[in-house]
Structure formats: structure tokens, C-alpha cells
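Visitor: Here is what each chain is made of, one letter per residue.
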Amino acid sequence: MRVETRRTLRRLLRNPSAVLGFSLLIFFTLIAIFAPLICPPQSYDPYMIPIVTWDKTPQPPSEGHPFGIIDGRDIFYGVVWGTRTAFKVGLTVTLTSTLVGLVIGSIAGYFGGWLDEVLMRITDVFLSIPYILAAIVMTAFLGMGLDKVMISLIIFGWMATARLIRANILQAREEQYVLAAKALGVSDFWVITKHILPNTIFPVLIQATMRIGSLVITAAALSFLGLGAPVGYADWGALLNFARNWLLGASGEALRYWYAIVYPGTAMVLFVLAWNLVGDALRDAFDPRLRG
Amino acid sequence: MEKKPVLSVKNLKTYFYTEDGIVKAVDGVDFDVYQGETLGIVGESGCGKSVTALSILRILDEKGRIVEGQVLLDGVDLTKIEEQDMRKIRGKDIAIIFQEPMVALNPVFTIGDQIMEAIMLHQKVDEKTARNMAVDLLRKVGIPEPEKRIDQYPHELSGGMRQRAMIAMALSCKPKVLIADEPTTALDVTIQAQIMELMKELQKEYGMAIMLITHDLGLIAENADRVVVMYAGKVVEYADVKTLFNDPKHPYTWGLLHAIPRLDIEQTRLYNIPGVVPDPLHFPPGCKFNPRCEFKEERCTREEPQLIEVGENHTVRCFFWQKVDEAKKRKVGEFV
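These protein sequence lines map, in sequence, to chains A and B. Every letter in the first sequence is one number past the one before it in numbering that gives the first Met the number 0, and letter 46, counting from 1, is 45. Every letter in the second sequence is one number past the one before it in numbering that gives the first Met the number 0, and letter 128, counting from 1, is 127.
Chain A extracted, bound-state conformation (with noise of 0.2 Å):
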């Protein structure tokens, strides 16, 4: 597409932090697809991480093991193949959990009066309970492991969504340029998919690209609380979860075990920083709105 492709590609090149975001999430991406080259699978399951020792106390980065290991598994193992774990929990919960707010928060927006009313105060009770909680609950509702802990993240995931677009249908149906469409002779139904939703749509997509990063780390965070992926799934939650015992460090010595904290801690604080990067980029470079 023409000028404004390039134009928008240009911005996108110019802005260093823009670059950072996605030099990160192509490298994390690049990682994720190579994974099997990178640490080949030792048993049926490549998800779950080989134990290379018996031996339960971490042991420092060593050739073989460049991150070290914990628990008798390779750190390198965990944060590679739990680059995979990132994105499937990220992607999923986010794409389906924006799609159920957007369904929800465009019909209330649209249809208001009582309609509105009845799915906005079902908004407001999820809201009203609080998030990790609820999804700890669920979670052990559920069972444990990796599919349950998605489930009750989308359970509780849709609502930001929902209301972000209800308002912003709310707002843009009182616009000049909706009244106009009508007096064209649109329908409806074009009237919200063409006039209503390319002006409402963007604060959440860039919400939704900013939350893959944070539910990723929810997800580490019942995964620390051992409400995640069973014991030696490669997810980076897992691997912290395993450095709980070690945090302290020894005694007189607190930075010991520095490796088990500080590789998955990286990869996950990265992970998370490069689609925040990315959701301001994409916000600065396809809104028409918001060019100077």
C-alpha cells in the first residue's frame, strides 16, 4: 500500500525504542522457533526439562550448562524452551480474551439502555474480584497445569477490554462523521465494522500487545505459587519457583545462587519490556490521529 506504508515504516525505523522492541521480540521469536536446534529434546515431552543431575543444590554456569543448574535441570533448557511457554500462554490468553471483550464491550456500547446495563455490571463483578485471587481460585477449581491456569486467565482477562471499547464506542457514536455515514445510507452493521471500529480499535490492540508481556508474567506468577505448569515444565515461572529454596543464597554468601534467579528473571522482564516497546510503537505509528 503506497505512501503511508512507507511513511509508517520510516517512523517505526526512526524510533530507537521502537527498534529495541522489536529487535527484542524477533529475537525472542527466533529463539522460540529454533528451540529444538538450539537444546534438542531428550525425552518424548521436549517441554519438560532433562534432569542432568541428581544432585538438588544449583550448580554455578558451567560449560554444558551455560546458565547453570537447579534442581538437577538446566537453567539454559528452561529459559530456551520456555520462550515457547511465553508466547503460547501470552498470545492465547490475550488473543481470546480480547476478542470476548471486544464482542461484549461492542454490543453494550452499541446497543446501550438495558442491554448495556446488564453486560457492564457483569463486567463490574469480575472486576470486582481480585485478579491473581480469582485466578488462584480458578486455577485449583480447575487442576493444575498449564491449559487451566490460561483458562482462568481469559476468564478473568476480558474485562479491561470490554470497557475500553464500550467507551470509546460510546464516544466515537456521537461523532459527526457516524452521522454522516448515515446520512450516506450505511447500515449499521458497516457503520460499527468501517466507521465505528478502525477509529476504536487502536487504544486496544496496543492494550492487548502491552498485556502479553504482564499476563506472561501472572502466569510466572502461579506458576511460582506451584499453581502453573507441573514440576520441570521449561516455563520461566517454574524455573523462578525452583529458585525459591536457593533465594537467600548461602550462608555469608547472598548472591550464590545468583543464576537461578537472574537468567530466568531476565528473559522474562525482557520478554515483557519488548511488547510494552512495541505496543507504544505500534500506538505512535498507525494512528493517524496522533501524528504531529
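The set of hints was computed from the structure by calculation and includes no laboratory data. It should be emphasised that the depicted structure is a prediction, and the values quoted were computed from it without experimental measurement. We put the beta carbon where it would ideally sit given N, CA and C, even for glycine. Accuracy of the hints is not assured; some may be wrong.
Stated by the list, open to error - 30 Å max Cα-Cα, derived DSSO-like pairs, lysine-lysine:
| # | chain 1 | residue 1 | chain 2 | residue 2 |
| --- | --- | --- | --- | --- |
| 1 | B | K91 | B | K203 |
| 2 | B | K173 | B | K199 |
| 3 | B | K2 | A | K193 |
| 4 | B | K87 | B | K9 |
| 5 | A | K193 | B | K87 |
| 6 | B | K23 | A | K193 |
| 7 | A | K193 | B | K173 |
| 8 | A | K193 | B | K9 |
| 9 | B | K139 | A | K193 |
| 10 | B | K147 | B | K62 |
| 11 | B | K147 | A | K193 |
| 12 | A | K193 | B | K79 |
| 13 | A | K193 | B | K62 |
| 14 | B | K2 | B | K62 |
| 15 | B | K241 | B | K87 |
| 16 | B | K203 | B | K127 |
| 17 | B | K139 | B | K9 |
| 18 | B | K175 | B | K127 |
| 19 | B | K62 | B | K12 |
| 20 | B | K79 | B | K3 |
| 21 | A | K193 | B | K175 |
| 22 | B | K123 | B | K139 |
Unchecked claim - So, partial list: chain A residues that the calculated Cβ filter (under 10 Å) puts toward chain B:
| # | residue |
| --- | --- |
| 23 | R9 |
| 24 | R10 |
| 25 | N14 |
| 26 | G112 |
| 27 | R172 |
| 28 | V177 |
| 29 | A179 |
| 30 | G184 |
| 31 | V185 |
| 32 | T192 |
| 33 | P197 |
| 34 | P202 |
Assemble chain B onto chain A, guided by the hints.
Guide: Below, chain B without anything else, positioned relative to chain A:
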């Protein structure tokens, strides 16, 4: 010569059912619009001008309802037909230009996309043809380099350009009636003149009827053939443009005309109509203009006047219109 009106509004009443009560925004409006002619609708803000336009197109928000009356387009009552049939009329037979070209164009689409949408909604043409038509339209409304402009976003165009683009959009299907709702209010004076000139040219070319809604009497004097003066949701005077300006009969029209600054006579202070437009939720009893009227009598607070014929094609809603005539004679030199 008896011409048939293209659009004829009969006893139109549009009420808004708000939480505070019923707002009678349009309360019995009648007028005819003839082919190739311009009908001016004047009045202060909130007198129901725009609501009349929205009622004709049936694009009121959910609180507004047409409670009575007819809108006849070539004899078909638009208030009675199905929504999907109405949709075929919007943009095709009756098009509208809004006051603010800044906000009436969708900011996320190029003007080309928007004009093409208008074309393809009502005409069976492919995208390429629509694009060529859009370029031609942009050229016709006086936008230079239309091939380049067509791919630009509204924010890349000036106010006058945007209004031209709006006109191009409105004219895309050669409507029978063009409603121009304060088309030049948001533009500066030189652009105003250009836009009005353009609309007149296009009117001649397409033979369409224009409904010019404005509060600018100067615009009416230069462009309209007939004029409807509205006050508080009702027509208070209806006449052809010369008669209205030379021989106003309603105290409100008379006051409006006096409130125009003039260069040919010495004025130290501009005349203004005393008081403010009444709150539409609490209209005064009787004639709605009575609290502000210089000629009011006891009867005006009791009874609502009807439109009465005072000359050829000249009607006025006032019991004491003769008083205005007398006042005119007395005050010659002072105001007129």
C-alpha cells in the same frame, strides 16, 4: 406558474424524549423545496433548524422521534417507509453537508476512500471506476491535484478543502435535494464565498434543490430564493427572499434584520433582540416569542397564533403583524 415541489415538509413534529421531559425541537414545520431553487432556513441556535434536516433524513438519535407530519419526496412519505428503503434514499436522493468539515470526515480513511464509499453504496460500479469518478468529483469541486489529494487523510487538508471534499461526497450520486447545514459557518469569509459560489454552480449544473440552513442572514440574502424563519421549533415567517428582507412582518424577523450591522447608516450601538431563546423544556404559554417581543399584548400570552397569509406566498405567525408595519414607518431612518 405552478411548480411541483421536490421535497415537501408538512406539519413535521420531532420531539426528544429526554430524562428531563419532552423537548419539542420541531413543532409543526411546513415548507416546500423546488427543483433548482434554494430554500433558506434561518433561526438562532436551538430553534430546530438542524433537527428538521436530521428528521428529513431520519437520522435522529434514539431519543428523538418524529411524532407527526409528513416528509414527501416526489410524493413518497419518507416518515412511513421501511428503514432499508430509507437507506437507499439517504445519500442518493437527499444528501447533506454538515457544518464542521473538520469532524464530518472519518479521520482514519483517505478522502478517496470516503468518496468512493458514497459512490459504491448507491451505484453499481467497480472500484476502479469509482476511483476515477471520485477524482473527477474532486476536480469538479475545485480541489487542485485531485489524483494526489484522493489518497490524503482529512487532517492533511485545510478546512475549505475538506468542505469541498464533503460537497464532492454529497454530490457523488447527483441528489435531488442537497441539505447544507451551516455549510460555511466553520470557514473564514473568503472561503465562505468560494464555497457558496461552488454550490450555486453545481446547483445550476445538476438542477438540484438546496436547503440552506444557516443563522447568517447575509448568506440567505445572497443565495436563497425563499426563506423560512424558524423560532422555537416553529416557522414564524415564510416568504421569498426579497419580500422577507424588504418587508418583514414578524417581530422576530424584524428584530433579526435590525441586528445586522450596516455600513450605510451611523450606528453607535447595534440593536439586539432583548432576552434569550426560551428553554425548550419550558416554553412560555401562548406565542413562544412573547417574552421577547416589543409588540406583545395580553392575547399573545394566552393564545398561540397560527400562520396567516399576509401576501402572495408570504405567511407569518403573529396576531399583530400590522404593528411591525407601523413601526417600520415610524423608525425609518433610525434602523432601516
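Visitor: Each hint should be assessed against the structure and marked as holding or not.
Guide: Results for each hint:
For a cut-off of 30 Å, the pair hint linking K91(B) to K203(B) stands: about 18 Å separates their Cα positions. Taken as a hint, the K173(B) and K199(B) pair is honoured in the structure, with Cα atoms around 14 Å apart against an allowance of 30 Å. Between K2(B) and K193(A) the alpha-carbon distance is near 42 Å, which puts this suggested pair outside the 30 Å criterion. A distance of roughly 22 Å separates the Cα atoms of K87(B) and K9(B); the hinted pair therefore holds under the 30 Å criterion.
Simply put, K193(A) and K87(B) have alpha-carbon atoms about 18 Å apart, close enough for the 30 Å limit, and the pair holds. Distance hint between K23(B) and K193(A) is unfulfilled; the C-alpha atoms sit about 34 Å from each other, more than 30 Å. Between the alpha carbons of K193(A) and K173(B) the distance comes to roughly 24 Å, so the proposed pair stays at or under 30 Å and holds. Simply put, K193(A) and K9(B) have alpha-carbon atoms about 35 Å apart, too far for the 30 Å limit, and the pair is violated.
Of the supplied pair hints, the one linking K139(B) and K193(A) holds, its CA atoms being roughly 27 Å apart against a limit of 30 Å. As the CA atoms of K147(B) and K62(B) are separated by approximately 42 Å, the hinted pair breaks the 30 Å bound. Between K147(B) and K193(A) the CA atoms are separated by roughly 23 Å; this keeps the pair inside 30 Å, and the hint holds. Our distance criterion of 30 Å between C-alpha atoms is met by K193(A) and K79(B), whose separation comes to about 28 Å.
The hinted pair formed by K193(A) and K62(B) meets the criterion: a straight-line CA distance of about 24 Å does not exceed 30 Å. At roughly 36 Å between alpha-carbon atoms, K2(B) and K62(B) are farther apart than 30 Å, so this suggested pair is violated. The suggested pairing of K241(B) with K87(B) is violated, with an alpha-carbon distance near 36 Å, which exceeds 30 Å. For the suggested pair K203(B) and K127(B), the alpha carbons sit about 28 Å apart, so the restraint of at most 30 Å is met.
Restraint check for K139(B) and K9(B): the C-alpha separation of about 35 Å exceeds 30 Å, so the hint is violated. Annotation: proposed proximity of K175(B) to K127(B) holds, straight-line Cα distance about 26 Å (limit 30 Å). Distance restraint check for K62(B) and K12(B): the Cα-Cα separation of roughly 14 Å lies within the 30 Å cut-off, and the hinted pair is therefore satisfied. As the CA atoms of K79(B) and K3(B) are separated by approximately 21 Å, the hinted pair is consistent with the 30 Å bound.
For the hint pairing K193(A) with K175(B), the CA-to-CA distance comes to about 27 Å; that is within 30 Å, so the pair holds. A hinted pair counts as satisfied when its Cα atoms are at most 30 Å apart, and K123(B) with K139(B) qualifies at roughly 21 Å. Because the beta carbon of R9(A) sits about 17 Å from the nearest beta carbon in chain B, more than 10 Å, this interface hint is broken. This hint is violated: R10(A) has a C-beta 14 Å from the nearest C-beta of chain B, more than the 10 Å allowed.
About 20 Å separates the beta-carbon of N14(A) from the nearest beta-carbon of chain B, more than 10 Å, and the hint is not met. For G112(A), the suggested interface contact is upheld, since its CB lies about 8 Å from the closest CB of chain B, less than 10 Å. Restraint check, R172(A) versus chain B: the minimum CB separation of about 9 Å is within 10 Å; hint holds. Below 10 Å, beta-carbon pairs count as interface contacts, and V177(A) has one with chain B at about 8 Å; its hint therefore holds.
Annotation: A179(A) was flagged as interfacial toward chain B, and the flag holds, the nearest CB pair being 5 Å apart, inside 10 Å. For G184(A), the interface hint holds, the least distance from its beta-carbon to any beta-carbon of chain B being 4 Å, beneath 10 Å. For V185(A), the interface hint holds, since its Cβ comes within 10 Å of a Cβ in chain B; the closest pair sits about 7 Å apart. With a cut of 10 Å, the hint placing T192(A) at the interface with chain B is violated, because the nearest CB-to-CB distance is about 13 Å.
A hinted interface residue such as P197(A) counts as satisfied when its beta carbon comes closer than 10 Å to some beta carbon of chain B; here the least separation is about 5 Å, so the hint holds. Restraint check, P202(A) versus chain B: the minimum CB separation of about 13 Å is more than 10 Å; hint violated.
Violation of the numbered hints given earlier is confined to hints 3, 6, 8, 10, 14, 15, 17, 23, 24, 25, 32, 34; the remaining hints are satisfied by the structure.
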